[in-house]
Amino acid sequence: MMRTHYCSDISENDIGKQVTLCGWVQSWRDHGGVLFIDLRDRTGLAQVVVDPTEKQAFDAVQQARSEYVALVRGTVRKRPEGYANAALKTGNVEVGASEFRILNTSKPLPFEVSDTSAISEETRLKYRYLDLRSPRMHRNIALRHLVAQTVRGYFNRNGFLEIETPILTRSTPEGARDYLVPSRVHPGKFYALPQSPQMFKQILMISGMDRYYQLARAFRDEDLRADRQPEHTQIDVEMSFVGEEDIFRTAEGMMAEVFKATGQEPLQTPFPEYDFADVMLRYGSDKPDIRFGLEIRDCAKIFLSSGFKVLAEPAKNGLAVRAMRADGAAAVSRTEMDKLTEFAKTNGAKGLVWLKFKDGKAESPSAKFFTDVELSALRELTGAKDGDAVFIGADKPEIVAAFMGALRKELIARLKLKPSRKWAFLWVKHFPLLEWKPEENRYDAAHNPFTAPLEEDIPLFDTDPGKIRSHQFDLVLNGVELASGSVRNHRREIQEKALNLMKYSKEDAALRFGMLLDALECGAPPHGGFGLGLDRLSALRCGEDSIREVIAFPKTSTATCLMSESPNVVEDKQLKELRLKTL
RNA sequence: GGGGACGUGGUGUAGCCUGGUUUAACACGCUGCCCUGUCAAGGCAGAGACCGCGGGUUCAAAUCCCGUCGUCCCCGCCA
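Residue numbers (our numbering): 1 to 583.
Some hints here could point you the wrong way.
[Stated by the list, open to error] Straight-line distance between alpha carbons at most 30 Å, and here's what the computed DSS-like set of lysine-lysine pairs gives:
id: 1; residue 1: Lys437; residue 2: Lys418
id: 2; residue 1: Lys260; residue 2: Lys316
id: 3; residue 1: Lys301; residue 2: Lys422
id: 4; residue 1: Lys287; residue 2: Lys422
id: 5; residue 1: Lys309; residue 2: Lys368
id: 6; residue 1: Lys396; residue 2: Lys437
Treat the hints as calculated values from the structure; they're not laboratory data.
Based on the provided sequences and hints, a complete structural model is requested.
In structure tokens:
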């Protein structure tokens, strides 16, 4: 080993020691005589001082340029009085070089690696091998590594087996579009890359593996977003003989360990649990960011006999009338209020009623339609103080939820509201099992066709299937859907009822899910689990807005890799072997 | 499938709306020289883009129009 220390490992404890550092020349400051080098490796920077009296080092260092790879041998010494650099971890010491060796040269780079914050992402991705040299990416990749290893440690200690499931699997034309891989041996047939190891992990439970986890790659051929890549990594977990609570506690334990390991304040567990119906009412979203107050309230009762028809009519007709307080929003201008109304309309609202509260009075074009009793009831319900504003929407429940939820997010952004805390986890549970598809005249799985219904809702299969609540749940952190999971159907007859409502014929069901349906008949234990997005979790922990910042080699929004230039064309010979033709 | 933003030396931007004194400006970086305590080092000198690509309008286009390619954001989609 050439190296004795990492750059940022040297400290005052090493004063007087002979050390050898290896790294990249980040910058050099040539004073004609004495010359300073900032040497960088994965850990950080160390200042190297080259004095003219050290002949070999002084001559050699003259050739050094930015990003040259160098080896420095020298003595650690305390920096002279007044020359410490508090901004640097190693700022109290420096290495007096006795030997300087250039291990490799470098042409001038397209951008400076030391700070890439001003470099366009396009350039960074094209030269990802240089971008990954930056402190930002070193930090992100190392943090992701720590998250992954903490997760592994947690599951290992709790009796989980890490089991790999296949990457070449079969297409199930459900859900997202599959990435397909043509088979050479079976012309005309295709493998599919897994959208998730779902069926395999359930089968592992039926195999008696009892507890499984995997940091699994999942693939989806859908359009990309800041939080979506064609391939992503999920922390995939499945457990036998468990109910919802057991899965929740397991995931909470994992998150607590991850946040502790990555230097955060201890998380408060258990996380709060909300029914799906409840979050939709209170936040207008199934993944609310509850770091912010703004809660939506049902205020239909207040307006049942109101003279304000816009609200009274819907209230009488059993539609939803809901109000939301926004702190400090009385300062929002009339023009801005009109914009917010427009915003609500683009999200499905027919209109939006708003009231600003100032000096005990309500201010709004529609204020005159409210009685004092209604106003005070509204203030009491929403908790609006002077200086706040209240927004009221009326329509079908799901429509009000959608635009009030969108408005809530918009207000948080526009008013630049301060979050109440750093991390806000919650469980959203009891998602509807089925979703009516009017155009196809059938029900479809709201999330996952293998989810178990709530026991008390099973009679609804025969009366009102759309109302069946399920053991499907999500874990939400700061408004981001982190994990999704469920207690599965381990009984074939319930599973068949669900599949029937989805209008799958026996043959169809067998074709899509055959292996799982068959396995369910062979002594399937009660089981459940979840998949948690490692990329999203890492991005949140790194304070990054895009998961591309925590993936070493991500794709652009058109699913290309700017560095390797994939996808690319292949040779005719390859196509022939696969019996494929291009356009 | 749809909507929006952007594309100017190596990098990041200004200029574009209101075409012509722009031989396209600034900062960082780069090259050379000077300088023995800098760490956003400093000083002097210098090289480097014809404005993503194609077409059109015009006496004249980085600037206006159309198309195209690329990047980013959003809707759809993502069981």
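Hints and how they fare:
1. Between the alpha carbons of lysine 437 and lysine 418 the distance comes to roughly 40 Å, so the proposed pair goes past 30 Å and is violated.
2. For the suggested pair lysine 260 and lysine 316, the alpha carbons sit about 52 Å apart, so the restraint of at most 30 Å is broken.
3. For the proposed pair lysine 301 and lysine 422, the alpha carbon gap of about 36 Å is over 30 Å, so the pair is violated.
4. Simply put, lysine 287 and lysine 422 have alpha-carbon atoms about 16 Å apart, close enough for the 30 Å limit, and the pair holds.
5. Under the criterion of a C-alpha separation no larger than 30 Å, the hint pairing lysine 309 with lysine 368 is consistent with the structure, at around 12 Å.
6. Proposed proximity of lysine 396 and lysine 437 is supported: the alpha carbons are some 18 Å apart, at most 30 Å.
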